[in-house]
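Here is what each chain is made of, one letter per residue.
4 protein chains.
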Amino acid sequence: MIVILKNNPEKRQLENLIQWLKSMNLDVHISVGAAHMILGLIGDTSSVDIDLIRALDIVEDVKRIQEPYKNANRKFHPDDTVIELENHVKIGDGSMQIFAGPCSVESRDQICFIAKSVKESGATILRGGAFKPRTSPYAFQGLGGQGIDLLLEAKKETGLPIVTEIMNITQLPLFEEIDIIQIGARNMQNFELLKEMGRSGKPVLLKRGLANTLEEFLMSAEYIMASGNEKVILCERGIRTFETATRNTLDLSAVPLLKQMSHLPVIVDPSHATGLSKLVKPMAMAAVACGVDGLMIEVHNDPPHALSDGKQSLTPEAFRDVSACVRQLAPLAFHW
Amino acid sequence: MIVILKNNPEKRQLENLIQWLKSMNLDVHISVGAAHMILGLIGDTSSVDIDLIRALDIVEDVKRIQEPYKNANRKFHPDDTVIELENHVKIGDGSMQIFAGPCSVESRDQICFIAKSVKESGATILRGGAFKPRTSPYAFQGLGGQGIDLLLEAKKETGLPIVTEIMNITQLPLFEEIDIIQIGARNMQNFELLKEMGRSGKPVLLKRGLANTLEEFLMSAEYIMASGNEKVILCERGIRTFETATRNTLDLSAVPLLKQMSHLPVIVDPSHATGLSKLVKPMAMAAVACGVDGLMIEVHNDPPHALSDGKQSLTPEAFRDVSACVRQLAPLAFHW
Amino acid sequence: MIVILKNNPEKRQLENLIQWLKSMNLDVHISVGAAHMILGLIGDTSSVDIDLIRALDIVEDVKRIQEPYKNANRKFHPDDTVIELENHVKIGDGSMQIFAGPCSVESRDQICFIAKSVKESGATILRGGAFKPRTSPYAFQGLGGQGIDLLLEAKKETGLPIVTEIMNITQLPLFEEIDIIQIGARNMQNFELLKEMGRSGKPVLLKRGLANTLEEFLMSAEYIMASGNEKVILCERGIRTFETATRNTLDLSAVPLLKQMSHLPVIVDPSHATGLSKLVKPMAMAAVACGVDGLMIEVHNDPPHALSDGKQSLTPEAFRDVSACVRQLAPLAFHW
Amino acid sequence: MIVILKNNPEKRQLENLIQWLKSMNLDVHISVGAAHMILGLIGDTSSVDIDLIRALDIVEDVKRIQEPYKNANRKFHPDDTVIELENHVKIGDGSMQIFAGPCSVESRDQICFIAKSVKESGATILRGGAFKPRTSPYAFQGLGGQGIDLLLEAKKETGLPIVTEIMNITQLPLFEEIDIIQIGARNMQNFELLKEMGRSGKPVLLKRGLANTLEEFLMSAEYIMASGNEKVILCERGIRTFETATRNTLDLSAVPLLKQMSHLPVIVDPSHATGLSKLVKPMAMAAVACGVDGLMIEVHNDPPHALSDGKQSLTPEAFRDVSACVRQLAPLAFHW
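Residue numbers (our numbering), protein chains in the order written: chain D, 1 to 336; chain W, 1 to 336; chain Z, 1 to 336; chain F, 1 to 336.
Keep in mind that a hint or two might mislead.
Where chains are identical, the list cannot tell them apart; a pair therefore holds if satisfied intra-copy or between any two copies.
Unchecked claim - With a straight-line cut-off of 20 angstroms between C-alpha atoms, the simulated SDA-like cross-links for lysine to any residue are:
no., residue 1, residue 2
1, Lys116, Glu15
2, Lys278, Ile58
3, Lys195, Asp321
4, Lys63, Asn7
Don't read these hints as lab results, they were simulated from the structure.
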């Protein structure tokens, strides 16, 4: 971390600053230039509050050189993190994992039918919402605990591992047998929930918030990891911009950037990102081409009657086509 | 709600749609135009899932005419909601309430000193963070329950009602004696927490999310109100844009718009919105001029050593000046 | 176009409105529903000012059903537009065109060296800036007319067609022998320049503005086409968002959407979009996978000493690799 | 400017860099810290291309300490710039100037009627569009040169100075007798037009682009000033965000920030910023409260039939009220 001081800093304030920095176990190297004095801070600066230093009267600016995340940082963990699930499914090892299923679990028949169908078409993980975050209190909020039970029945029938979303710490006991716990975009900075995920030790699929930078995204992964759980999967699912033709703007450059910044696996959800079923295939292919470890795709047997997000779901037939094309592209993309 | 159908809709699908709409207790009025058939839906459409209808093959588009919020809607509650606190402080009755205090509670001395100081300068409510949402897991996370106790001591010494932030349902028992519970921007769509706030019956200060529209903001208020609690205060605190000169972009047009859309009181937090202490005064004055019911201002006795957000805090002296200017402008603004 | 009227519209105002609409050669079909009267407008509504109608006291809202662009609209021109250049290069016919070259033309040696190099590696069109739009008046503004001459020499040596940017109508005479005239992102809504491009009859490469919607983008293409020139190539080059890790956010969902909305060819510029050379390859591959007709890539023989935008340029070696991978993927992507 | 080098920079590259920096007349001060070598550049760095240095292999990051604008910078011109027009109207001297008039000039009667009306109500400058930038090529494009003539007639009748927008260099001869030339938001980075404005010597009203930062805004002012014209008025008119309830988001914190960064006068256009007539008054009052030098307000005698932007225009009666309230607030705000 480099602290650039204003011209002629007041001496007592400077001494106070240096003493305070040293009290945080940092070495302070002073460089006196012609116009500016510069402090170089050596040591673990990840816990230093940059805004606090910047607020000081004698400070012109502060520049972080180390990233503020450690556990999630590729610099300190050069090897890719690989997360292995029950049925030997591995995420992050160069294989392509397809998470597919309906937005909401609606009934036993529905979830089991879709689970079998997507498995036949090449999906390796079943997704489905039991607790649904909805903008309106009057919209369908999911089947809750019953939805979890139905997902586990579909797992028993197909052997597919399950990913489903948690919305509150108090729901955690219901997730005992779930393979991957999803933290939705709106909860990306629900820090209490993140800490609890850290303690749970289960694989966590963390979705990027609608208006969060990649650094903030990795800081949220850091919350989970700092609480003791290294099994975090990052999911880009679109950010909010001025464009209204798509629900969100899928930020695909996040994929190679996250892979460079971090060792964690990265997947993309083209269904939620675009909100339009006709864009799911081209965006899935684009995501694979730029190096993603997996895709999360909404599939519904009867999209026009889905209880939520029907507009963006694929039919099982459309999904089979996407899956086949993804399977054709993935091994090529791995070698680029 | 108006459903615009595509040309020549398939007959069976049309019948299915109409039947489904009627099953939601809606009257369906069919208007056949030259190019388009239009369905007018009469009844309570607030629980109709607009995306679901839009997803149907035969539907060109759907247009909501009623707003999706009812309890928060001024159309159905023309009179301003006024929230009265213990010491006769009223929010929303045309008076100007100033919420002031430090970002974080740090010690008994600190919070009591600031409480007395801001009360003398004209503040009517004391703010202070006990549980702090921080981007980094390594940054100071607040004093927690001890912070709540210190706030209550400051209340006892000064008589000022207290507002402080909750981050999780499990913290609720600690908030028994708190006057106003704050829901932070990152939790604006933490729907489980909102429902719990509805059940608590306590005044809630709801901050707008960084990337949320005003309609979404009111839908979150609706969550609280639909769960039985009408005492919601809306707080604009800046939205995220491409501009980097300020931390966020304060959206002041939200103030008159929210007052037109809803009957709930609206306040502004210029400290968090701008992130720069030198902008707090001009933005506070602007907020008052456009009709706000209150202001939330960070004040710290020693900004450069504040444990969080020091960059945006005012000194007690600077606050006294802002408060005096606000008191001069508020009665004028009330009559414009 | 559908005009939704407020309840009980004032009769004289309604008659005025209907008369005014008819004066624009529109048929007006009135549908009286239970709660709302609706006017269906039949005819060419592309020249109707939707904001003007929306501003009327008696109007609740207006909904466009036809898109406001005609010449650029795929509905009226189902076949892909193919633009053929001098040396049989065709853009939009299912082949993949690679536009490569330096950000700025710097010298005869530089541009000829790069031109030969990128041609050998598979580029089909040479790009290079002679007039450079720079944020700072003190930054290098390009070689101007001399730069154009050098580009034409490189064309003579290699046979590659040339694309270069125009910044003002008065520069047009210098572009006589240029194959494709580029309109930069900052000039996407320089309507006088667009009209002049329409009159010029030359192929135009139109870049999307930093904060423009796809509809606005197509309206700018419409300006050129309405002035008589159908040869427009659309180029997505990143939009401005809150994310700071990349210069802009590449909006790849724009590619399939533009192809669905319009018949015009669509290319992507991953160099300007990301601003980071290490992201050029993955984003190029992603663009090809989602159906782009071409790529625009910055190549410089000595990136660290380039006079502008060195940070995002590829070396000739890196470009050879990208080009080879693109050539591998493009024929596959064409069949997805 | 401070250049932070990576660890152990390659020696030859370092020497090349230092030599190149010195060739730009900069003194280079080397500070060797424990982890990083830092170069402090002393001299006029406003013309140094920061991206170019950042692109170098051995450079970790570059930090500008001086702002990249000189002429527009308050540091070098502490006194407020005051622009005086013909009839003794002064902009930037602490008085409040109200620019009012229709979006488009439509006829002699219309413009003269409005001019007289707004003058009586307290406007000091007449605005009106002759050349109109419209998103659609099929929308009304303004009366052009005839519109300019009508504005000059209104000036003769009322004595009000005129501001109107230029869209292209070739229109300049028509602006001979115009008092203030307006550069619209879409042309904020039309650099050729800015340079020409610099040469014209006339007062220029420069509107902020929809997606431009304040630094870019001042750089565009710098283009005009570097070409020899100091008479620049900055106008905030809303930026583009995700919010759809208003046309744009008025960024009022730009007002005090621009006044701190620069010595140029700053005005606000609440009509275009919000796009809603009902928000014009509260936003006008807010702008005055935070220290603006003037307001630009759309007024039309018959808003529902205005040929452009009727939705955001005030009636003459509504304008009289706004103007009176502004006149009440302005002298107070001047002393805050």
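Taking the hints in turn, this is what the structure says about them:
In the homo-oligomer, the alpha carbons of Lys116 and Glu15 never lie at most 20 angstroms apart, since the shortest distance is 68 angstroms inside one protomer and 31 angstroms across protomers. Within a single copy, Lys278 and Ile58 get their C-alpha atoms only as close as 56 angstroms, which misses the 20 angstroms cut-off; across copies the closest is 16 angstroms, which meets it. Taking the closest pair of Cα atoms, Lys195 and Asp321 never come within 20 angstroms of each other, the shortest separation being 39 angstroms inside a single copy and 41 angstroms across copies. For the homomeric pair Lys63 and Asn7, the shortest alpha-carbon distances inside one copy (17 angstroms) and between copies (16 angstroms) are both at most 20 angstroms.
This entry does not satisfy hints 1 and 3, going by the numbered hints stated previously.
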